[in-house]
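Start from the sequences, fold in the hints, and give me the full structure.
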Amino acid sequence: MTPQGEVLLAVNGLKTYFNTDDGVVKSVDGVTFHINKGETLAVVGESGSGKSVTSLSIMRLIPMPPGQIVDGEILFTGKDGVQKNIVKLSEAEMRKIRGNDISMIFQEPMTSLNPVYTVGDQIAEAVMLHQGKNKKEAMGVAADMLRFVGIPAPEKRVNEYPHQMSGGMRQRVMIAMALSCNPALLIADEPTTALDVTIQAQILDLMRKLQRDIGMSILFITHNLGVVAEMADRVVVMYGGRVVEEGDVVEIFKAPRHPYTMGLLNSIPRPGEHVHVPGQPKGRLEAIPGNVPNPLNLPRGCAFEPRCKFAVEACREAVPPLFDTGNGHMARCIRWQEFEQVQQEVTA
Amino acid sequence: MLSEVSVLPYIFRRILQFIPTFLLATLLAFFIVQLAPGDFLSQLKENPSVRPETVERLRKEFGLDQPIIVQYFYWLKNFVMGNLGQSFQYKRPVNEVLPGPFMNSLILVIIGTVLHFAVSIPVGVYSAVRPYSTADKTFTFLSYIFLGIPSFFFALLVIWGMLKLQQNFGWDMPLGNKTSSKLPTDISWWRSAWDVFIHALAPTIILVLRGISSESRFIRGQLLEVLGQDYVRTARAKGVAENQVVYKHALRTALIPTIAGLGGLLPALIGGAGFIEVVFNWPGLTPLQLTALGNQDIYILQAVTAVATLLYLVGNLLSDVLLSVIDPRIRYH
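First to last, the sequence lines map onto chains W and Y. Positions 0 to 347 (numbering that gives the first Met the number 0) are the ones given, in order, by the first sequence. Positions 0 to 332 (numbering that gives the first Met the number 0) are the ones given, in order, by the second sequence.
Calculated cross-link-like contacts (lysine-lysine; reagent style DSSO-like; alpha-carbon spacing at most 27 Å): (1) W:Lys36 - W:Lys87; (2) Y:Lys247 - W:Lys95; (3) W:Lys134 - W:Lys155; (4) Y:Lys247 - W:Lys134; (5) W:Lys135 - Y:Lys247; (6) W:Lys155 - Y:Lys247; (7) Y:Lys247 - W:Lys132.
Which stretches of chain Y does chain W cover? Using the computed rule of at least three CB atoms under 8 Å from a CB of chain W, they are: (8) 224–230; (9) 234–240; (10) 244–258.
For the record, the hints were derived by calculation from the structure and aren't laboratory data. Values in this document were obtained by computation on a predicted structure and should not be read as measured data. Glycine included, each C-beta is placed from N, C-alpha and C at the ideal position.
Below you can see the structure in the form of structure tokens.
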């Protein structure tokens with residue numbers, strides 16, 4: 000598969016493990032993907048699939064110990080145009096990247112801002128750190144950023160504390176803080192999960208608009224496929240610490256090649272246009288049976304096998320490789336060709 | 000942060016609220032002290048060389064023939080006028096007896112408070128930043144030891160150890176009292192201040208060891224919790240250096256409960272200086288109180304209670320105002 004456009008970030012064979020009292024948890028076990036410049040890549044998966052650990056590995060914010068990046072590389076081309084391997088950088092070099100080249104916003108806007116500093120102070124802190132501005136100039140930038148993310152009366156709001164703002168407002172502040180140094184990559188870890196649906200839509204609109212204005216790439220982590228359809232150019236589906244499917248967003252929604260992706264798509268209500276899963280009546284809303292596997296004790300073969308209705312003996316034997324199914328679409332399922340056939344017959 | 004406009008009326012209202020608390024506390028103390036049978040003159044009554052008429056005259060003079068509630072209001076009236084009453088045993092006004100021991104206790108309390116925070120904050124932070132490290136485990140171990148040994152017994156151990164040092168190595172560290180008896184009188188003020196300081200050192204350290212032990216563990220726990228908060232992760236994701244993350248972003252919120260407890264520290268240290276003063280023969284409030292208790296010298300006891308109550312109220316107000324400065328979520332109206 001040849002990536003189109005210029006690659007901004009390439010994660011190759013990343014393995015992030017956690018040493019616990021009960022054994023080694025392989026949260027991220029050989030994950031490979033890339034993000035092009037200006038692109039939005041959605042990483043989709045349930046809790047425990049390794050999507051958040053992947054993003055924290057890119058920021059090198061994994062608590063060590065107990066966490067450890069044991070293998071793999073994260074190649075990133077910053078604003079200076081030099082490609083670096085993030086895994087190998089020193090802590091001081093990494094600090095120059097955090098908040099400057101790569102920024103991050105989080106799931107919980109209510110707790111992600113420091114309660115004892117004004118929002119202006121918190122935005123200005125990043126500006127002062129990375130752009131060498133003094134306090135007064137940085138507070139000016141902070142007010143500009145608040146206006147930029149659509150907060151009314153920004154000159155007044157910069158001096159307010161987080162507790163004086165609503166959740167949606169605080170997430171806007173987080174976005175303003177993240178974008179204050181014009182990052183090349185914004186990592187958004189479920190940024191709308193904790194918000195009301197109407198506020199969700201506003202925040203997503205804002206992120207799309209800002210991406211157009213700044214031209215940054217977004218790594219969008221979510222379990223919400225509705226959000227994926229709205230935001231992403233490409234999708235990576237993770238399960239049990241591995242990538243199970245990757246491809247263009249239209250491809251993934253129209254022609255999923257992994258049973259887990261099919262299950263995810265069938266668990267959201269979309270009247271009239273359900274993915275046809277072989278052997279299942281059309282249009283039914285289906286839950287995936289069973290639970291996410293215990294990360295301490297993953298199956299020897301395909302991690303999804305215990306919950307998969309298409310599992311065969313061969314699935315239990317070894318972890319299937321990622322198969323290239325064409326058009327930059329990849330799936331980690333040994334029966335992907337059968338799904339392709341059935342789906343072609345149904346469409347025909 | 001709190002603006003001056005809103006805080007002054009608040010403080011004024013709080014001071015008004017002191018009045019009922021103060022009245023109730025001192026009234027209770029007055030009654031409890033007098034619950035004990037007899038009074039200061041009971042001993043004189045047993046003395047065959049003192050005539051009963053003299054005792055009766057003194058009783059009238061001291062106002063001890065009046066009902067307790069009347070005595071209390073006499074005391075209160077004098078207190079408001081700035082007169083703490085007459086000490087029976089010293090035959091002098093309490094206003095003259097109290098300041099010396101009070102200042103002596105204050106020396107221990109001030110050095111103790113400074114030491115308390117100067118040690119427990121760094122130790123707590125160090126332990127929280129490196130949890131379960133050898134240093135952290137050592138601090139935990141020592142904390143349990145210091146919390147486990149009663150302080151009067153620990154004081155005796157220290158005196159014993161210091162005596163051994165003195166005998167074997169000639170290390171001359173004062174073991175008690177407030178000043179050296181052999182010190183010449185015509186020395187400079189800082190030389191005598193230094194003399195008091197080294198005398199105060201051993202009792203102060205023993206006095207605050209328990210506090211430091213629990214406070215440093217408490218700060219460690221608070222900071223560990225705050226370091227796991229989302230906004231600390233946000234600070235790190237911004238590229239803030241780790242020591243800034245700890246001191247600027249985490250410590251301030253982690254110290255909020257410590258500041259809230261500051262109000263209780265002043266009276267607690269005065270009360271808690273207690274037996275350490277006795278063990279080290281430090282002329283503070285506790286020895287004064289003990290002899291007053293034995294002699295039923297009620298106005299001394301009443302004065303100490305009143306001072307402790309006032310300190311408690313002022314300390315509480317102080318920590319509330321400090322809290323609003325450190326935590327913008329707290330507003331007073």
